[in-house]
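Peer 1: As a plain string of letters, each chain reads:
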Amino acid sequence: MEKSHNQPIFSVSDFIAVFNQTLEYAYPSVEIEGEVASFKVNQGKFVFFDIKDKTGSVSCFMTVWQMRVPIEDGMKIIITAIPKITQWGKFSLTIKSLRPSGEGSLKKSFELLKAKLASEGLFALERKRQLPHIPQHVAVISSTQAAGYADFIKILGDRWGGVKVDVAHVQVQGEVAPDQIIRAINYFNQQETLPEVLVIIRGGGSADDLSAFNDEPLVRAIAGSRIPTLVGVGHEIDESLADLVADVRAATPSNAAQILVPDRNEIIRSAQDRVRSLLPRIIQLIDRQKQIINDSLITMIIGIERALDDQSRRLVSLQSVLAQLDPKAVLNRGYALIRGLVKTGEIINIETNKLIIKAEVKDVINK
Amino acid sequence: MSSTNKTIQEKIAKLNESVEWFDSDEFTLEAAIDKFKIAETLANEIEQDLSSLKNEIQIVKQKFDSEK
Numbered sequence: 077m078e079k080s081h082n083q084p085i086f087s088v089s090d091f092i093a094v095f096n097q098t099l100e101y102a103y104p105s106v107e108i109e110g111e112v113a114s115f116k117v118n119q120g121k122f123v124f125f126d127i128k129d130k131t132g133s134v135s136c137f138m139t140v141w142q143m144r145v146p147i148e149d150g151m152k153i154i155i156t157a158i159p160k161i162t163q164w165g166k167f168s169l170t171i172k173s174l175r176p177s178g179e180g181s182l183k184k185s186f187e188l189l190k191a192k193l194a195s196e197g198l199f200a201l202e203r204k205r206q207l208p209h210i211p212q213h214v215a216v217i218s219s220t221q222a223a224g225y226a227d228f229i230k231i232l233g234d235r236w237g238g239v240k241v242d243v244a245h246v247q248v249q250g251e252v253a254p255d256q257i258i259r260a261i262n263y264f265n266q267q268e269t270l271p272e273v274l275v276i277i278r279g280g281g282s283a284d285d286l287s288a289f290n291d292e293p294l295v296r297a298i299a300g301s302r303i304p305t306l307v308g309v310g311h312e313i314d315e316s317l318a319d320l321v322a323d324v325r326a327a328t329p330s331n332a333a334q335i336l337v338p339d340r341n342e343i344i345r346s347a348q349d350r351v352r353s354l355l356p357r358i359i360q361l362i363d364r365q366k367q368i369i370n371d372s373l374i375t376m377i378i379g380i381e382r383a384l385d386d387q388s389r390r391l392v393s394l395q396s397v398l399a400q401l402d403p404k405a406v407l408n409r410g411y412a413l414i415r416g417l418v419k420t421g422e423i424i425n426i427e428t429n430k431l432i433i434k435a436e437v438k439d440v441i442n443k
Numbered sequence: 049m050s051s052t053n054k055t056i057q058e059k060i061a062k063l064n065e066s067v068e069w070f071d072s073d074e075f076t077l078e079a080a081i082d083k084f085k086i087a088e089t090l091a092n093e094i095e096q097d098l099s100s101l102k103n104e105i106q107i108v109k110q111k112f113d114s115e116k
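For the protein sequence lines, the chains are A and B, in the order given. Here the first sequence is numbered in my numbering, starting from 77 and rising by one per residue. Here the second sequence is numbered in my numbering, starting from 49 and rising by one per residue.
Some clues are possibly wrong.
[What the hints assert, rightly or not] Distance windows between CB atoms, simulated: (1) B:E58 - A:R382: 53 to 63 Å; (2) A:K204 - B:D82: 36 to 46 Å; (3) B:D113 - A:Q163: 34 to 44 Å; (4) A:E268 - B:E68: 32 to 42 Å; (5) B:E58 - A:Q348: 15 to 25 Å; (6) B:K62 - A:D284: 50 to 60 Å.
Honestly, the hints are just simulated from the structure, not real lab data. Every residue gets a Cβ at the ideal spot worked out from N, C-alpha and C, and that includes glycine.
Only chain A is shown next, with the shape it has when bound in the complex (with noise of 0.2 Å):
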């Protein structure tokens, strides 16, 4: 570098270095608020756009992979960027991140990656894993100390026992979120002995605290978990990209415990139900017992009843015979009866209905 009147005399290159330079130590990193325009894709790896405001424009650039959410024209966004001139003399801020601002912008954004996202088939309900009945093992991606989590705790320990929970504590809204979650879930996802169900959840919020969860990044990482995944996040009106990508989703964290585990009061109530209901099954069917008992013996009974009628008609029948035939009754009726040899000159008895006579035979005739 030269003097002149003992100003520095400049290469351009290294002015624009210098430059830089200066620009880095006084703005190490901007934020600024703007609205998309002339928002461009170039070879399909770098953005070009410009943010303005009503007086003012300037020149943005990004890579596609840093654009965690969709932007369009229009839009209103807020970037994390450093200030540069180019090697051309251009002043561009290359951005480090962004984000949407306001709730239209986060809509349209969210919008346009669930079309995009949804094009892919990410959202199919072909790709949709079944959570196990009752989880041995599960890990819950989270803050610990959100109230969403503490429900979700809460609700897990009344429902159920016996599940052994691993919890990541990360941070669920705010920049770095997305990252942190994405970690947690490759984490999960490359343990030796996977759990059964990933659960990711978060309470309530804003549009705008809940946007982490429509972090495409984050989105994908879902998609592509190897453990089912059972999300639920905000409350029930809410939906999130992350919702819609998991396998199974959830109203609220607290709703989250209520798929993963069923409720231990309402099995034990069923069992006791159950056993209770077998006890007047068995009465009932002791009673149906008896009285087809009853019934065979009020049959025998009868049966009985009838072939001793039979018998006693047939001896009363029997007896009036052999009462015709007693020897006594025709005796009665004046015949005698005669014992003896009839012979002449033999002696007889002869038996009347009152008498026993001996009688000589004086003589016999053939008749």
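On the provided structure of chain A, position chain B as indicated by the hints.
Peer 2: Then chain B, alone, in the frame of chain A:
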């Protein structure tokens, strides 16, 4: 831990079998009381086991705020 839960699930399955037996062709009144006693014991054991179980919660030591 998991073996305890497995036992509970086995007991629940066994209880289901016992209850289903009452609707099956194998049902006999002679065996019903014994089967009922088995089911009753299982239900009581399930209640005891489930009531005493606690979850084992462990915060992993790994930090996720930066790449390792």
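Peer 1: Taking the CB of E58 (chain B) and the CB of Q348 (chain A), does the distance hold inside 15 to 25 Å?
Peer 2: 18 Å, holds
Peer 1: Quick one: are E58 (chain B) and R382 (chain A) within 53 to 63 Å, going by C-beta?
Peer 2: At 58 Å between Cβs, range holds.
Peer 1: Could you say whether the range 32 to 42 Å given as a hint is met by the Cβ separation of E268 (chain A) and E68 (chain B)?
Peer 2: Holds: the Cβ-Cβ distance is about 39 Å, inside 32 to 42 Å.
Peer 1: Cβ-Cβ distance between K62 (chain B) and D284 (chain A): within 50 to 60 Å?
Peer 2: About 53 Å separates the Cβ atoms of K62 (chain B) and D284 (chain A), which means 50 to 60 Å holds.
Peer 1: Regarding D113 (chain B) and Q163 (chain A), is the given constraint of 34 to 44 Å on their beta-carbon distance met?
Peer 2: Once the Cβ atoms are compared, 35 Å apart, the range 34 to 44 Å for Q163 (chain A) and D113 (chain B) holds.
Peer 1: Is 36 to 46 Å respected by the C-beta to C-beta distance linking K204 (chain A) and D82 (chain B)?
Peer 2: 45 Å, holds
The earlier numbered hints are all upheld by this structure, with none contradicted.
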